[in-house]
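Using the sequences plus the hints, can you model the full thing?
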Amino acid sequence: NAGVTQTPKFQVLKTGQSMTLQCAQDMNHNSMYWYRQDPGMGLRLIYYSASEGTTDKGEVPNGYNVSRLNKREFSLRLESAAPSQTSVYFCASSEALHWEQYFGPGTRLTVT
Amino acid sequence: AQRVTQPEKLLSVFKGAPVELKCNYSYSGSPELFWYVQYSRQRLQLLLRHISRESIKGFTADLNKGETSFHLKKPFAQEEDSAMYYCALNGEYGNKLVFGAGTILRVKS
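Line by line, the protein sequences give chains S and P.
Here the first sequence is numbered in the working numbering, starting from 3 and rising by one per residue.
Here the second sequence is numbered in the working numbering, starting from 1082 and rising by one per residue.
Hints listed in this document are in silico derivations from the structure and should not be mistaken for laboratory results.
Bear in mind the structure is a predicted one, so any value in this text is a computation, not a measurement.
Keep in mind that a hint or two might mislead.
[Stated by the list, open to error] Some chain S residues close to chain P (C-beta under 10 Å, calculated; not the full set):
1) G5
2) V6
3) P41
4) G42
5) M43
6) L47
7) D58
8) E61
9) A94
10) L99
11) H100
12) E102
13) P107
Don't be surprised by glycine CBs; every beta carbon is placed ideally from N, CA and C.
This is how it looks when you write it as structure tokens:
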């Protein structure tokens, strides 16, 4: 039981490049989330998916898109990376909204 | 709007000393509050939630609606308590967990 997994662990992009961060959970959770963690700002919600087939914007959605591929997988896409998107990205899941969230190990992204 | 404030970026205490990590929130309804912890090289994980009213690893937190606070306390700090601590709020009508900026706790020997 791996819990929440994320790939890749590290990534360096040049400004304007695109990439997709992958997240999968094996806990049969309905809800999944993407956060970014920046020094002094805590974790900020980018997008979330309350259940399979739905996605909603969080606090900082600009520059990102998401896909809830199935119940297990929730990907985050940067279409045209910018230096301001340099951050650590965390995926999380929960049985339902308002329930305890389980976090992945994070992806450290640097955009130069 | 939901907001969580953790006024201290860093709290440094000696082993055996009491610890209090401050958390204040802004929300007009009935909030649900959590403390999450991230130890070095480990994932962010739930430490405790106010509705459970339980003590985890010696930590407790009491919701004070009058002062809109949810401070995390431990009477005697241990070195293994060193970590980043996040306070988080989920409003009754909101679907989103709002995190504070986090406090680094360093317990010195």
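A quick look at each hint next to the structure:
| no. | hint | result |
| --- | --- | --- |
| 1 | G5 | holds, 8 Å |
| 2 | V6 | holds, 8 Å |
| 3 | P41 | holds, 9 Å |
| 4 | G42 | holds, 6 Å |
| 5 | M43 | holds, 6 Å |
| 6 | L47 | holds, 5 Å |
| 7 | D58 | holds, 7 Å |
| 8 | E61 | holds, 7 Å |
| 9 | A94 | holds, 8 Å |
| 10 | L99 | holds, 5 Å |
| 11 | H100 | holds, 6 Å |
| 12 | E102 | holds, 5 Å |
| 13 | P107 | holds, 6 Å |
Consistency note: the structure conflicts with none of the earlier hints.
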